[in-house]
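Those sequence lines, one after another, are chains Z and L.
The opening position of the first sequence corresponds to residue 1 in my numbering, with each subsequent residue numbered one higher.
The opening position of the second sequence corresponds to residue 340 in my numbering, with each subsequent residue numbered one higher.
Rather than coming from a laboratory, the hints here were simulated on the basis of the structure.
One thing to keep in mind: the hints can contain errors.
Said to hold, decoys possible - Derived DEER-like restraints, expressed as beta-carbon distance ranges: (1) A318(Z) to D513(L): 50 to 56 Å; (2) L467(L) to P233(Z): 21 to 27 Å; (3) A318(Z) to R438(L): 33 to 39 Å; (4) L506(L) to P233(Z): 43 to 49 Å; (5) V125(Z) to D513(L): 47 to 53 Å; (6) A362(L) to L165(Z): 17 to 23 Å; (7) L421(L) to L31(Z): 53 to 59 Å; (8) P404(L) to Q85(Z): 36 to 42 Å; (9) G189(Z) to T347(L): 35 to 41 Å; (10) A314(Z) to Q569(L): 35 to 41 Å; (11) F320(Z) to V397(L): 50 to 56 Å; (12) L31(Z) to D513(L): 44 to 50 Å; (13) E508(L) to P233(Z): 50 to 56 Å; (14) F320(Z) to L467(L): 28 to 34 Å.
Said to hold, decoys possible - From chain L, some residues computed to sit far from chain Z (all C-beta separations above 12 Å): (15) D382; (16) A433; (17) R438; (18) E517; (19) R560.
Stated by the list, open to error - Output of the computed footprint for chain L on chain Z, the stretches with three or more beta carbons under 8 Å from beta carbons of chain L: (20) 50 to 58; (21) 67 to 73; (22) 78 to 89; (23) 151 to 161; (24) 290 to 303; (25) 318 to 326.
Every residue, glycine too, gets a C-beta built ideally from N, C-alpha and C.
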Amino acid sequence: MIRTAKPGPQPTSVNISSPTRRRGKELLTVLPFIAPWLLGFLTLVVYPFVASLVWSFDRYDMLSPPEYVGTANYERLADELVTGQRFGQAVWNTAYFALLSVPLSIVLGVGLAVMLSWQVRGQAVYRTILFLPSVVPIVASSILWLWLLDPQAGLVNYLLSLVGLPTPGWFNSTAEAAWPPGWFSGQWGFGSKDALVLMSLWGVGNFMIIYLAAIGDIPLSLYEAAELDGAGPLRRFWHVTLPMLSPVIFFNLVMGLIHAIQAFTQVYIVSEGQGAPAGSTLMLSLYVFLSAFKYLQMGYASAIAWTMFLLVVAATWALFRTSRRWVYYQTGRGIGVRG
Amino acid sequence: MRRNSPPTWIAHALLLIAAAVFAVPLVWMLLTSFKPAEQIAADPHRVLPVEWRASNYVEAVTTMPYFRYLRNSLVLCAGSVLGTLWSCSLAAYAFARLRWPLRNQLFGVMIATMLLPWHVTMIPRFLLISELGMYNSLAALIVPTFLGDAFSIFLLRQFFLTIPEELSEAARLDGCSEWGIFWRIVLPLSRPALATVALFQFVAAWNDFNGPLLYLNDPSRFTLAYGLEQFTSAYSSQTNLLMAAAVLFTLPIVILFFFAQRTFIRGIATSGLKG
């Protein structure tokens, strides 16, 4: 398998030049290799990173130069958060989507991977079918789900009505749209964000494949030992499979959360680019985009983007904090983000 | 060899249910794409088309400038695959097999930038790229791929690390330059990893919606991903045409997946499991 960080190559030839000259030569050798990336890193990552932080304290409409306004943008964010206006709504929508879709995708992904690891015939076919939706381009799957979840003509509601279940409004419904959420206002039922969650679960194949590969790496001897100790299938899953999968689950939890917080394409497509209906799909990512390119408020948009970034950092940090309690690492192995 | 499997019939029953649930949306997309518009209006839930209308596909590709979009998409895919392979294999080589000051620190910083939401850099990046005159051209999407991306560099570096250092040393003793080692030894041995990166980049460029949304303004420059969305808002009532267009957009990726299934799955498993 692929090894993690290892010390760089050691030159074997005897080098008699002075250390500084050798250093200069090393740099000369390496520079052509890293130059393209370094240029991109400085101009497309470092500079924009700093610039957007600076602009988040400015009023900037792209037509006239940025004008320093102190913390006004952040005050506006705080105000909208407290009063439940646009930003408050966007935080709520993003949190709702991320906190629902990520845990569910882990449960579903692990569940399907376990099923695919069973020793029965035809697994290659099942695996292909379950994985296929995750290669469908997100633009296509968004259009497809808009059709499947159409409240009247859609297939899903038709199937629900056949078995006598209530038929939600899905993408047309503003359930859970408002902050404070629906269960205070008495507005319940599956709405546009639940439809987005459903759509994301359909594409769980990527995660599933990672779990499946990890299950394949679990030594059979562990299952045999557990069986000898009298553990049934459920206990073997609980005490062998899950702990052995926990590093991968943790990795997917972190990556999934980061992706979910940034979800944009599907949100843009199902909401006609505005978070429709009634702002129920206005996510942070969409709010940044609209503020910047529709309302030309680059400063305010940068402040939202930076808040989003801090949210990602906080979420990652919190997950790493809890990971010691539930992530099981075999000795000498680790998966951190650093390779 | 038994790995905690339930009785065979239960296993098959559960797997069949799961497969059916996951397959139905795609089947429905295909069926809808062949239905006459009148049928969808009158009886949207009837499973099979009353008449299989392949002409829906002809109508879809003529209603929207499909072939122009397709050409733009292919240019974008080819350009960005080339750019990514070039810039990322170079950088990955430096990170994996050369020794230089601050190497590990820079690598750590690069990995950390993968956590950076793209919205944070979106606005200054947009202004910079527009400033350079690339607004409303595919160059705005292709040029950045020639400047490396963290994920591909990471994938390639992990692979390069597995190539025995002895090969490089022997070449060095024979007087081979670093370029020679990179070009003649490391790259040829890294074909599987390069294929994975190329495949991922192709798919990413094919699917990319945000880039065209930000940078392309003139319909003649649109890629399929963006053009399809535009088509959707214009023809939202003609579901059969929408589904036909969506099928045409999805099919190349599905075909690619079937041909390169192992590369796909290896790539995903490697990026998730770097134990």
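Practice task
Hint by hint, work out which the structure violates, then give me just those numbers in ascending order.
Solution key: 2, 7, 12, 15, 16, 17, 18, 21, 22, 25
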